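Could you put together the complete structure from these sequences and hints?
Residue numbers (my numbering), protein chains in the order written: chain R, 1 to 270; chain W, 1 to 270.
Rather than coming from a laboratory, the hints here were simulated on the basis of the structure.
Treat the hints loosely; a few may be bogus.
Note: identical chains are not told apart, hence a pair may lie in one copy or across any two.
DMTMM-like mimics (lysine to aspartate or glutamate), calculated; alpha carbons at most 25 Å apart, straight line [as the list claims (entries may be wrong)]:
#: 1; residue 1: Lys195; residue 2: Glu33
#: 2; residue 1: Lys195; residue 2: Asp263
#: 3; residue 1: Lys195; residue 2: Glu54
#: 4; residue 1: Lys195; residue 2: Glu139
Remember, predicted model here, so these are calculated numbers, not experimental data.
Number of protein chains: 2
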Amino acid sequence: MRLTQEQMDRYQEDGFLLLDSALGDDEIARLREAFDRDCRVPGPQRVAEEGRDEVRAVYASHHRQPEYAGLVRDPRLLVPVQQLLTDDVYVYQFKINAKPAFGGEKWSWHQDYVAWQIADNLPAPLQVNVAVFLDDVDEFNGPVIFLPGSHRSGLVNKARKATAKSAQHLDPDDIALSEEQLSGLVAERGMVSPKGRAGSVVLFSPEIVHGSAPNMSPFPRRLLIMTYNDTTNLPRWDGEPRPDYVVCRDTDPLRALDAPFLDALEGAAA
Amino acid sequence: MRLTQEQMDRYQEDGFLLLDSALGDDEIARLREAFDRDCRVPGPQRVAEEGRDEVRAVYASHHRQPEYAGLVRDPRLLVPVQQLLTDDVYVYQFKINAKPAFGGEKWSWHQDYVAWQIADNLPAPLQVNVAVFLDDVDEFNGPVIFLPGSHRSGLVNKARKATAKSAQHLDPDDIALSEEQLSGLVAERGMVSPKGRAGSVVLFSPEIVHGSAPNMSPFPRRLLIMTYNDTTNLPRWDGEPRPDYVVCRDTDPLRALDAPFLDALEGAAA
Numbered sequence: 001m002r003l004t005q006e007q008m009d010r011y012q013e014d015g016f017l018l019l020d021s022a023l024g025d026d027e028i029a030r031l032r033e034a035f036d037r038d039c040r041v042p043g044p045q046r047v048a049e050e051g052r053d054e055v056r057a058v059y060a061s062h063h064r065q066p067e068y069a070g071l072v073r074d075p076r077l078l079v080p081v082q083q084l085l086t087d088d089v090y091v092y093q094f095k096i097n098a099k100p101a102f103g104g105e106k107w108s109w110h111q112d113y114v115a116w117q118i119a120d121n122l123p124a125p126l127q128v129n130v131a132v133f134l135d136d137v138d139e140f141n142g143p144v145i146f147l148p149g150s151h152r153s154g155l156v157n158k159a160r161k162a163t164a165k166s167a168q169h170l171d172p173d174d175i176a177l178s179e180e181q182l183s184g185l186v187a188e189r190g191m192v193s194p195k196g197r198a199g200s201v202v203l204f205s206p207e208i209v210h211g212s213a214p215n216m217s218p219f220p221r222r223l224l225i226m227t228y229n230d231t232t233n234l235p236r237w238d239g240e241p242r243p244d245y246v247v248c249r250d251t252d253p254l255r256a257l258d259a260p261f262l263d264a265l266e267g268a269a270a
Numbered sequence: 001m002r003l004t005q006e007q008m009d010r011y012q013e014d015g016f017l018l019l020d021s022a023l024g025d026d027e028i029a030r031l032r033e034a035f036d037r038d039c040r041v042p043g044p045q046r047v048a049e050e051g052r053d054e055v056r057a058v059y060a061s062h063h064r065q066p067e068y069a070g071l072v073r074d075p076r077l078l079v080p081v082q083q084l085l086t087d088d089v090y091v092y093q094f095k096i097n098a099k100p101a102f103g104g105e106k107w108s109w110h111q112d113y114v115a116w117q118i119a120d121n122l123p124a125p126l127q128v129n130v131a132v133f134l135d136d137v138d139e140f141n142g143p144v145i146f147l148p149g150s151h152r153s154g155l156v157n158k159a160r161k162a163t164a165k166s167a168q169h170l171d172p173d174d175i176a177l178s179e180e181q182l183s184g185l186v187a188e189r190g191m192v193s194p195k196g197r198a199g200s201v202v203l204f205s206p207e208i209v210h211g212s213a214p215n216m217s218p219f220p221r222r223l224l225i226m227t228y229n230d231t232t233n234l235p236r237w238d239g240e241p242r243p244d245y246v247v248c249r250d251t252d253p254l255r256a257l258d259a260p261f262l263d264a265l266e267g268a269a270a
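In structure tokens form, the structure reads like this:
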């Protein structure tokens, strides 16, 4: 469950790390069921694709679904995050990007931390993103594309565009890198998109430049992203804070479960 | 220059065939220069990206640029087409899709022959498309995606949508497969996108289902597509024929050059 030193080093070097098939098929089946259930819960935490009925993203499913409440404390995910950050972390943001079949749209090239600095006045990039593949990810269904090592260049672009699309949740379009910025970075860093079976996990830095293409396939590509933050690095809102489904308010340090989340869930139910 | 029996069989089986690095770097450099030159020629043969100034496609460059006039008779391309079709073929359509950096947009899933049957009353799918990579093609810059073997299912969708976007050149959106049609075909056939260095060539069937994703990269992805047609299979227009830059009028059988197109061009210039 712990990362090896080599894995730690690779994360620091590349800004991301793929953990192939970290979760099992039965676990993924349960997480998909929980997502389907959560997609039927009305409310602002459910964001639709532009001009379509389909769900583009759902926020904070761990507040509503026991499977996800367990998953955020699953030792296979939480312990690596603690190794990379610090023992005391909490879930700052939790979202599932659905990327539906046929044209779930692309995400512009961006760095997550730019958004969080602007929107939440988050003091430092002391986060780790944990992306869990809820579907097989291949080159056709809009995988996330990283510029390896780009997190080590710091923030490329600190200002939000004047023509901001979104109020509550920052749209990557609002903080997208310019063509010039990206050309330079890609020439230097190249592009990599980790792929793998459902249940694979990618840890990635809040400062790594990434984007994703549309989903060209007839199958959905659901991706869970949990962002853990250092508990000493809380948002400092000047004005109205963002809603609690976008920025979670429970900042108590998380303690890892003793067992994978499904075992813990079955134990609790027994 | 001739295809082997194995290559012929693979084309018949899959509906496409990749010829890796069929053209050399010097040849590609000259073809790019000729394309740049042709992009500056004003006229309706130059199609812009929707809402952008950039060129999406240019038609019939072989009418204006000697490099392309030679290329259509290059033995490395024409002889394989003759093997697959018949000795007497001509260029029915010639286009270069530019797919500019950052969001050169996707092409919907479609079968070429549907368009040609509708627009030109072309009697039979007796064509071979020859796609020449004018840039390296990778998973990030919007490669063409094929459903292997889908050409053997015949035409999935014969009717053009009522909400047709385009008049002169048929837009793939107008003849796109439905989500249901594509789901079934992908489940059966899978998806493949041939990649390779600039100078690589893909031969593909007019009936194969294909599409392509947007270009996520900061680099252009220029793709030349020459469609050869059997000279006994000419368009039979009921009304006004499409313009001669979209459907070429010179239907004389092409004879292969004795040498690669650049050698022939230098010879002619000497």
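Against the structure, the hints:
1. When the C-alpha separation of lysine 195 and glutamate 33 is checked against a cutoff of 25 Å, the pair qualifies only within one copy, where the shortest distance is 22 Å, while the shortest distance between copies is 37 Å.
2. In this homomeric assembly, lysine 195 and aspartate 263 never come within 25 Å of each other (Cα to Cα): the closest approach is 27 Å inside a single copy and 44 Å across copies.
3. For the homomeric pair lysine 195 and glutamate 54, the shortest alpha-carbon distance inside one copy (24 Å) is at most 25 Å, but the shortest distance between copies (32 Å) is not.
4. In this assembly of identical chains, the alpha carbons of lysine 195 and glutamate 139 lie at most 25 Å apart whether taken from the same copy (7 Å) or from different copies (12 Å).
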